[in-house]
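Residues per chain, in single letters:
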Amino acid sequence: MLPSDRQAHEILVGAVGLKKHFPVKGGVLRRTIAQVRAVDGVDLFVRRGETLALVGESGCGKTTLGRLLLRLIPPTSGEVLFNVPANLYASARDRWQRTAEEDGAMRSPKGPQGDGLDPYAITRLRTRAFKPFRRRMQPVFQDPFTSLDPRMLVKDILAEPILINNQMTRPEAMERVAQLLQEVGLRPDHLYRFPHEFSGGQRQRIAIARALAPEPEFLLLDEPTSALDVSVQAQILNLLKDIQRRQGLTYLLITHNLSVVRHMADRVAVMYLGRIVEEAPTRELFESPLHPYTKALLSAVPVPDPKRRREKILLPGDVPSPVDPPTGCRFHTRCNAVMPHCGWSPRDAASATAYLFDSSRNPHASTLPALSEVSMEGNRLRLLFGGSRPSEAQRQVVADLVRGRAAEAGGMAFQAIREVVLEEGSIVLEFPPPLEPAWVEVSPGHSVACYLYPQPQA
Amino acid sequence: MLSVQGLQTEFLTPRGVIRAADGVDFDIQEGEVLGLVGESGCGKSVTALSIMYLIPTPPGRIASGAIWFRGINLLAGSENEATVRRGLGGKPKLVRNDTALRRHRARMAKIRGREVSMIFQEPMSSLNPVLPVGYQIAEVLIYQRRKVICDRLLARREITDEDLELFKEAVTHPDAAQRERLLADFCLQTALPVEKVAAIIDRSGLQMEERLARIRRLSERTKTRHAWFLRLARELDVLESEWITREWRVLSGVASSEDDRRRLAAQAQFRSRQALFRLVMSIPVLRRILMRPIEEEARRRVLEQLKNVRISEPHKVYNEYPHELSGGMQQRVMIAMALACDPALMIADEPTTSLDVTTQAQILTLVRDLRERIHSSILYITHDLAVIAELCDRVAVMYAGKIVEEAPVGDLFAHPLHPYTEGLLESIVSLDKEVPTDAPLPTIAGTVPDLLSPPSGCRFHPRCKYAFARCKTEEPRLLPQGESRRVACFLYEEGGSRATERPAGA
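Chains as they are written, first to last, in the working numbering: chain E, 44 to 501; chain W, 10 to 515.
No lab work stands behind these hints: they were computed from the structure.
Don't take every hint at face value.
As the list claims (entries may be wrong) - In silico lysine-lysine, BS3-like type, Cα no more than 27 Å apart, as pairs:
| hint | chain 1 | residue 1 | chain 2 | residue 2 |
| --- | --- | --- | --- | --- |
| 1 | W | K316 | W | K205 |
| 2 | E | K198 | E | K174 |
| 3 | W | K325 | E | K68 |
| 4 | W | K205 | W | K156 |
| 5 | W | K474 | E | K284 |
| 6 | E | K355 | W | K177 |
| 7 | E | K350 | E | K338 |
| 8 | W | K156 | W | K102 |
| 9 | W | K205 | W | K177 |
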């Protein structure tokens, strides 16, 4: 028996520095040309017996994070700890954060050895050694129409996980299956039917029963009600709460429906583009959200009352691509509370330069030579003026134009420009090196990653 | 404007006849947004598809009813298309009359997309995956808006000095938004393609004189040629519309003798012109040359339409394939397509159900804004009452193939009449409803009935907490309640316990 099996520790599932990058292949040789940073450095923990909700838009990496926690896919780096004492988890997280600051580069997924985490880190186990853990953490997926095998009878669907884990003999398992069905509110005569004979709500009940079959401690609920009707949704949520109360289960609820979160969760983590941006106890998050993204999410929920209308914060555009996420704070391209140090980079300013520095278009730029090319190099934006070499006076004109544009609406990217320098016959606009906002604990249990809140002194 | 009366749509399955819409009645006024709400399988999508005449036959058919749209009955002339016969062994079989079906589909083709358009739930599966999205919208315009496009092309003229002044301003104006507006104005005046003009503006290293010269050359290149063909295409479109509209009126039984005479004249004229048009189109080289200006004009309109639905880079999106767009963008493209021909009625079937809350908020705001600008009526189908509350003027609640309640949106939410509506409203999980976390959420007991064998009497009675003896045997009718509401429930009829109660606001 593994040491972690003997006693129940406070933190059931914990992630430290978790990353998952999917390669994008291209070209004739199918070489990796880019990385999709689906999950990009996540620290997250779920206490025993609580419900943690993970919310975010589609494509933010919440489903990938859930799959990593169950070790359905291997992480690129970082670790998943199971049934770990709180102090050990905290020290593991600190250690990962420190190493991340020191080298910043990708580290071995094994992490530092001899740190006393071996009995807890399920990501360090070989497949065989991991098998006993599988039983203890089970998923319920979003779409009950595709997650049940259409060619298996309900009784076989439910008995399979029990038999695979060698928990019982077949007759015993059948008894347990009948009892499971009752637990999720179905009748024993449903045992000998196929999934297609059930409605969506009933199928989701079967999926829940299947997850409960091997007596797990942790359930991953991945959008369990978003494919269901409102009235059925309420039934399923009641069932999940009821089961949790009876069996003392721990839930990780992945959803984009904030109303469900309010009803179900004890704590909420908000995810944006592979990162957790805010984490708080449910009530606190709904009453005083801190991150501008959380505020926008909350304001977007439609109000089921025609007489009241919530002031909506509309986020412009779509979620940026996780292949090449924005530098600095990843939300700065859509944020309504941006500041000059949110991590602006040349690409945020590039589109405006075509007019701004073109002498034939902008009368204020008439003293500049004809602009021929604008190129981006890291955090520098280079302006090339055909064959002619710009003078110091012309550099001054560019600097004035930058200052003027910065004062206008939407000129935040220009406010961020630190210096305008003359270099090798071109003029270079220098941006500050991009920094991500630090993870700040604003009040007990309520943390946020945003420059609006006082950052720790470096 | 639209009046659906006693619509019955049924599907023949191996297990029996499913009546998915069973006597659906509702009206939509000019410029109104009507919400149609109900659980999955209650027949709301079937109702929408019946209006569009998109029910697959077999297994489905519209058994009876009338759909009046701006003075014509959209179901007129479709009565004999599919009849039920007993086949071998007494099993019912659907027999299709292909000639009648083809004629009716041809008539419907002049309504669909032009007068009534539809946005589907899953944009990914309703857009063609092998064609760029812009082209898919342009196709609608080329087919349905030939008259308008040809008119515009025929009105094209030489570029003037005034136009060039406007162009100069569009290049040099200090405000980015203003520059964009001036560019749009310039292209509207001169009918030049936006993307080509934009390329000339944004090209760095050009002097103003060079830019003006390029614009002149562009105008020279895109000058209207082959006016005879444009006139022919325009006339064809006009004649066909006239003929078909009058035929609809004849079929619907509202036509005058004048209508009948003009219909035949238009039809004959149309046929004679069509022969020439077909001949020209059958020669690929000619077809390409002659259709090009029409296609370019359609493209210009598509870009405008894409901008209307707040797509920030229309030129880029135009050439992209559906899978390259996010869910929200795909749905915008669908809306742009639905609005391409300024329809009188837009049917939206769960357009935001598969989207995130943030994207949903964007789309809802967009629909609300468009509503004020385009004056179309909207039939908005959803199971999400919160969305209804945000958007609609009136709501119809559907249960098991029937409308059970209809009311102005404020009244429905303040004081639901039908027990089913009551249950639906209670079971909403809301951000603002402070539910003690330990108490279970209120739900409606039981499940949606199987439409193969719907319950006797009122279809909701097995799940209804107020049900009494009469509910099991008799079917309640949708009767007016107060001034602006209707409800189908015995509680409100003579002898019902709530018969004397008057709802607030009614």
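Subject >> Broken hints, by number >> reply: 6 and 8
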